Amino acid sequence: MVEFSIFILLPLLTSLFCYAVKNLRAQYIVSLGVGTLHLVLAFSVFLGYYHTNLPLFFSVDSLSKYFLLILSNVYFWVVLVSFSYLKRPVSSRAEEGKKYYFLLLNFYLTANSAAMLSDHFGMYWVAAEATTLSVAPLIYYYRNEEALEAMWKYLFLVSVGIAFAFIGILFLTLSAKGSVLEGRQVFFWEFIRNAKALNPIWLKASFIFIFVGLSTKIGIAPMHSGDIDATSNAPSPIAALMSGSLRLTALMGVLRIFQIIRPTSSYEFAKIILIIGGLLSLFVAFVFMFKVNNYKRMLAYSSVEHLGLITLGIGVGGLAFVGAMYHAVYNSITKVILFLTAGNIHSRYKTREVSKVTSVLNFLPKTGWLFLLAFLAISGIPPFGLFFSEIKIFEGILFSDKPVVLFVAMFFLLFIFINMGKIIFSMLFKKGENDTAEAGVEKFEFIHLAVILLMILLTAIAVLSPEILYQNIINITKDFGMKI
Amino acid sequence: MENVLSIFFCLSLFYVVITSRVKGYVTVLRVQGVLLSVIIVIPFISHFSIFGVILPVTLLVVKVFLIPRYINKVVLDLDIKRMIEPTIQQFTFLLLVIISMVVIFVASNILSQNTTLNVIPFASGFSAIVIGIYIIMFRKKLIVHVAGFLILENGIFLFGTAVASELPMMIELGTLLDVFVVVFLMGIVLNNISSTLKGFDVTALGRLKD
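Chains A and B supply the protein sequences, listed in that same order. Under the working numbering, think of the first position of the first sequence as 1, with each following residue one higher. Under the working numbering, think of the first position of the second sequence as 1, with each following residue one higher.
Only chain A is shown next, with the shape it has when bound in the complex (with noise of 0.2 angstroms):
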């Protein structure tokens, strides 16, 4: 029960205790606190220190304690540099903002670790849910007519998607009639051990339903515009918590019915689904790419791309599935690096637009460096860890039966590169026509430390290749049923 407290009550008791207390830095302090004992205690279940006994409708596997610790860690290094993200001036209406963002950071943390032990459908979708309701009220943090506008689409859109994904699951309990799984609870772990009795027309449509819905969340196209506008236009410590976290909350259900559609005879069919919605991610991002003119949305494009990448290594499987798990812990790291940098040329510069955003390199050299090598980082450039996830998707799905999907993906992927490192570099050494001023000299900010030690993180992670990962992920294709 001690980590069901830390995991999931202590957050929410943190949530009550900032709605209480009405100082910033108390409620900094506390969540900070909260949220080193949840990383504490994630890793320790990861490593295996620590074995958990969760009550009713909570377990932990190897894929649930994967993806809880890159939570845990995404929440971390969000949190801390919240603090100092948040005394940065914004307007009045925005100061208004800032009187709910601990209480509703800490709710997110309750919803998205119930989410990721849950072993139930039904309370999987109500976390699910209630990680929406905590994250929609950031995004309108600025209190502009944009944020606005997100907030109202996301929470919409999501709202619908998550409605679907609950159709998914009554024809999943529809799948079950007839066979030794009806009228029983949708645990997942009962249902993966009796995958094979369940009618492959229902499970067919579950999958269709769930993996819809939950693409709202994901942000895998064609559903993905909610998700763009709300990254593009949140803070950027909860776009990173979006693009880092609660992307793989969602795609977590995605894998449940995965998992257990596997060993049925409709897993091709849901491998050719999860495939096109892989590759028309890519393909989003590669159109899209061409004509963004806002470095936030250029960024939230970017996720798509990458979690179109991880959806499209999980359709593949084997050694490609490898490389998806591995991809979503890089991803995750990367996407908090980018947005925290992003979000101090947002400071400095308070626009998004491309355009407008000259000579970073002149007037934020700190930033514009960090940003340089985030940029090389997301696109898979050694020694950061995408390049070595991506060649495991690439062989994956080169030694597949499908080879002709790597041909069409390395294909976007190119133009993404190069459509991307156009923006960017234009954003870093272009001059613009007021460039005239000094280059001023650049503070060291605490967000700085962060990144710095996140990119450290990062490549530690690709270089060293930790066995206890290596295992765990193994472990997991191991519970896919795939060979690799």
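What the hints contain is simulated information worked out from the structure, not anything from laboratory work. Only a predicted model underlies this, so the values are computations on that prediction, with no experimental measurement involved. A portion of the hints provided could be inaccurate.
[Unchecked claim] Straight-line alpha carbon distances no greater than 35 angstroms define the calculated DSBU-like cross-link-like pairs of lysine-lysine that follow:
hint, chain 1, residue 1, chain 2, residue 2
1, A, Lys350, B, Lys140
2, B, Lys209, A, Lys87
3, A, Lys98, B, Lys81
Model the placement of chain B on the given structure of chain A, informed by the hints.
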């Protein structure tokens, strides 16, 4: 009994299609809330249990009183015009709905030959899901979109009873709470949209695009 109530549920869907007033939508939400509460209380009439009462009562409170009252309050507070402003003609919309419902009922009947399911509640629930989506697509006012979303949710609930999937009480209550908070948040956002964007319909939302 469940079949009769489901047919009433379907009739409420037809009413929502032909009405051109926001108030009509709120009335339909109340009626559907009552019907759903009665449908889930039926199995507990023969064997009474306190747990069997908690869910219908909560459903009744949330779907018949709290949410419709809240929507009415939003409509009054924001002084939203009472007409729904469709984007397609009512007759075309009605035709589309009738065709969709016929397809759903026939398809459900065919599917029921392989799987045991209660055809009328199943098809009624699915029709509500489809009509909820149509309302979101073919109506301009954002408050009507919220009503469309709630009709979709009601459809899912009825659909759930038709496939006889009983989720544990705690999770059922959790889903209800989630829906209530979603609507509550949507109301707050609408309030802000009316003051910030000076409009209540989808045309007020056009800032974010590539």
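So, going through the hints one by one against the coordinates:
1. Lys350/A <-> Lys140/B: 33 angstroms, holds
2. Lys209/B <-> Lys87/A: 30 angstroms, holds
3. Lys98/A <-> Lys81/B: 34 angstroms, holds
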